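S.K.: Listed below, chain by chain, are the residues.
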Amino acid sequence: MTITNSSKWLASVTVFPKTGVNDPEGEAILGGLGQLGYSEVSRVRAGRIFRVQLTADSAEAALTRANRMAEQLLSNPVIEQFSVEVEPISDQVK
Amino acid sequence: MIGVITFPGSNGDHDALHSLIDDIGAPAEYVDYRQTDLARYDAFVLPGGFSYGDALRCGAIARFAPVMAPLAEFAERGGPILGICNGFQVLTEAHLLPGALLRNETLKFHCFWTHIKIEQLDNAWTAGCKAGEILRLPVAHGEGAFFADDDTLDQLEANGQIVARYCEPDGTITPGANANGSARSIAAVSNRQGNVLGLMPHPERATNELVGGADGVKIMSSALNFLNVAV
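Chains A and B are the protein sequences, given in the same order. Numbering-wise (my numbering), the first sequence opens with residue 1 and increments by one. Numbering-wise (my numbering), the second sequence opens with residue 1 and increments by one.
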């Protein structure tokens, strides 16, 4: 990751059901893909991505904060796992 | 006094209050989710519904409501708390109960009568039942599949925290009776101390034969035991 002087960051928090946790939504999507003829698909897991804009002094600091958010609220550790990626947001780009 | 906590989006609070006051005869009143002084209450019911519109996950936002911190202290002191349906989901999100509630295996909203078998009496809310008693109660949920990992489930079994399972009318535990796909057919769990109970079926909607059944009295009438008992 490139370290920049930007103080605005975009954290992408990806949350998925843990291995072993039933995902009926993913199974329903798998069924739908099968009906459309995508017979090569063997498994679908449905999750979601949160795009969180935040300010922080560094990419590391933004990552630390976003990880805390994911642990405390964005995911439920009993049933879900998450990963976080952080990228700088330029002031020119909204 | 029994407190029925109303979150934004709760819709079972009226049923709970009506059941407690009119069918059970227990004094009860609504407790706003912003309330933090809980000193006048002997027990709490977290009702069914869709707190905060089920945003993020069922119960995930309600967990941060102002009432929840003093409620956790109340639970810590051994105060009796019953979480029904969404109330159960809130209590798991708040870590006052183990596990989590997942989307029903069928992906459908379930709204029908079920049977549950009461397996544990050593807790605040099923002490009035008989061991192995079968209760006929309605369910109304889209996310009712209880989940915990195998180690946690084994611990819950060993600690006697699995209070009720879905069953056939004759009490047999079958996959068919477990419509939402709950781990080990679990319909109700308690915390280790036994003062906090969560269940997906609605006992408060079955406390009068006029509405099709009164088996919920066995659970809701526990409220009478808690009145004026300081915790």
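Just so you know, the hints here were simulated from the structure itself, not pulled from any lab data. None of these values were measured; they are calculated from a predicted model. Treat the hints with caution; some may be incorrect.
Now the stretches of chain B that chain A is said to cover, found in silico as 3 or more residues with beta-carbon under 8 Å [what the hints assert, rightly or not]:
(1) 56-63
(2) 119-126
(3) 142-153
So the derived label-pair ranges between C-beta atoms look like this [claimed, not checked]:
(4) B/Val229 x A/Thr19: 43 to 53 Å
(5) B/Asp22 x A/Glu40: 51 to 61 Å
(6) B/Thr174 x A/Leu10: 23 to 33 Å
All residues carry an ideal CB built from backbone N, CA and C; glycine is no exception.
S.K.: Against each hint, give a clear statement of whether it holds in the structure.
M.R.: Structure-based check of each hint:
For the segment 56-63 of chain B, the stated coverage by chain A is satisfied: 3 residues place a CB nearer than 8 Å to a CB of that chain, which reaches the threshold of 3. Using a Cβ-Cβ cut-off of 8 Å, 0 residues of the segment 119-126 of chain B lie near chain A, which falls short of the minimum of three, so the contact claim is violated. For the segment 142-153 of chain B, the stated coverage by chain A holds: 4 residues have a C-beta nearer than 8 Å to a C-beta of that chain, and at least 3 were required. For B/Val229 and A/Thr19, the hinted distance range of 43 to 53 Å is satisfied, since their beta carbons lie about 45 Å from each other.
Distance hint check for B/Asp22 and A/Glu40: the Cβ-Cβ separation is about 59 Å, which falls inside the suggested range of 51 to 61 Å. Restraint check, B/Thr174 to A/Leu10: a C-beta distance of roughly 49 Å breaks the suggested window 23 to 33 Å.
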